[in-house]
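Trainee: Given chain C, work out where chain S should sit, using these hints.
Spelled out, the chains give:
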Amino acid sequence: MEISIDNINGLQVLSVIEPRIDAAAAIQFKDKMKELTGQHSDNVVLNLENVQFIDSSGLGAIVAAKKHMGNDRQLLLAGLTPIVAKVFSLTRMEKVFKIHANVSDAVDDGDKKSA
Amino acid sequence: MNVGLPNISLSFSATENSVRKALETVCTSLRQHDLPPVSNGVVELVLAEICNNIVEHAYAESDVGNINLTIWSDHDGVALEIRDSGRPMPGLALPEKREADLASALADLPEGGFGWGLIRDLTHSLTYERDGSRNIVKCTIATEQPLDLH
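For the protein sequence lines, the chains are C and S, in the order given.
Numbered by the numbering used here, the letters in the first sequence go through residues 8 to 122 in order.
Numbered by the numbering used here, the letters in the second sequence go through residues 1336 to 1485 in order.
Isolated chain S (complex conformation):
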């Protein structure tokens, strides 16, 4: 049962360690509300993937900026809005899920490129907008997300 999450708003620098700390803060806040535990893990995973993407791609190495995160609940689930002031998405669009060829030889197995597929699998209403000099990614995670391991 969703007891209604007040806004969680965080701003933190786009580094791997800051992202980790921010996720910890988010998880602590989420645990104080009666969301099922598996949904907290899903929220954390989606946020990790979106934020890691900003750290690695949106900001050039010499120019660390901020990530602004807002989380709230609506009738569809837990809504996320993530903003950064880094470079725009190539083609101003979110990457599609990459279907890896898992039958390939060991040496050819992918070590990356899984992120956007995970985000797409775990969210709905995923959007990207370029607003002036900012990137805005929004998505919603359904709180009834069942833990079915297909």
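Chain C extracted, bound-state conformation:
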């Protein structure tokens, strides 16, 4: 599960390089996110602009990543492509996440020192 790491304005920006977070990849994604976000206590932007497809397993893994980070940190999502957006919308999980069109907007949002 290839995820590239960046740091912008004190936020960790994780960009998923894999085009799919599906049943075959969900566990690796979850484990990788746990590893990468567990090394610090900053807010995280998950950049999904390369991800063309997620299924419910992928959604579950993203929820797991958020849960692992706990209540005091934010996991912001950026760059949802059409099918990914559709999965979040139909399951209403879009209400649980802060979703932005791009990394720049997500970083601006996550930069604020608000709960």
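Please keep in mind that the hints were generated in silico from the structure rather than gathered at the bench.
In this text, a Cβ means the ideal position worked out from N, Cα and C, and glycines have one as well.
There may be inaccurate statements among the hints.
[What the hints assert, rightly or not] For the chain S half of the interface with chain C, some residues (derived, Cβ under 8 Å), not all of them:
| no. | residue |
| --- | --- |
| 1 | G1376 |
| 2 | E1379 |
| 3 | L1380 |
| 4 | V1390 |
| 5 | M1424 |
| 6 | L1427 |
| 7 | D1456 |
[Said to hold, decoys possible] Straight-line C-alpha distance at most 20 Å; calculated SDA-like pairs for lysine to any residue:
| no. | chain 1 | residue 1 | chain 2 | residue 2 |
| --- | --- | --- | --- | --- |
| 8 | S | K1356 | C | Q35 |
| 9 | C | K102 | S | D1443 |
| 10 | C | K105 | S | D1436 |
| 11 | S | K1432 | C | S96 |
| 12 | C | K102 | S | L1441 |
| 13 | C | K102 | S | N1401 |
| 14 | C | K105 | S | S1468 |
| 15 | C | K105 | S | P1445 |
| 16 | C | K74 | S | A1438 |
| 17 | C | K105 | S | A1440 |
| 18 | C | K74 | S | S1439 |
| 19 | C | K39 | S | G1447 |
| 20 | C | K102 | S | A1435 |
| 21 | C | K74 | S | A1440 |
| 22 | C | K105 | S | L1437 |
| 23 | S | K1356 | C | E25 |
| 24 | C | K102 | S | A1442 |
| 25 | C | K102 | S | G1447 |
| 26 | C | K41 | S | K1432 |
| 27 | C | K74 | S | K1356 |
| 28 | C | K102 | C | R80 |
| 29 | C | K74 | S | L1444 |
| 30 | C | K74 | S | L1441 |
| 31 | C | K41 | S | L1444 |
| 32 | C | K74 | C | G45 |
| 33 | C | K105 | S | E1446 |
| 34 | C | K102 | S | G1448 |
| 35 | C | K105 | S | S1439 |
| 36 | C | K105 | S | A1435 |
| 37 | S | K1356 | C | I24 |
| 38 | C | K102 | S | K1432 |
| 39 | C | K102 | S | L1444 |
| 40 | C | K39 | S | L1427 |
Mentor: Chain S in isolation, oriented as in the chain C frame:
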């Protein structure tokens, strides 16, 4: 405009990687026909959810079987038929959409159970049949599926 899809028929083993490869084959075939791109994504998502369910639940861990998939177009849209030889659906019925309580605390957020809700939201004429030792799931995806993000 639907130019008429000939039958796509595939048989593959019920593992996550085989499902992924089968979906790739299906998407390639679909792209060769003039369905709108958003419908291809919807077909792929519905198939992924149905097949993942077979991988996880129909076949016991020690007993991998096959999934047989047929896709064709009719006046209602893209029709799918998925067969497997695994265990029957509990109660011989398809699960309902699970309405998650999203106002619940972070630690209680669901990480699963979304699949049948997605399938139900994206298809019509969804049926399940147990035929001898086989499960048969059928459904249709309307090709006019608009990309409205409500």
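Trainee: Output the indices of the hints that this structure fails to meet, ascending.
Mentor: 5, 6, 13, 14, 26, 27 and 40
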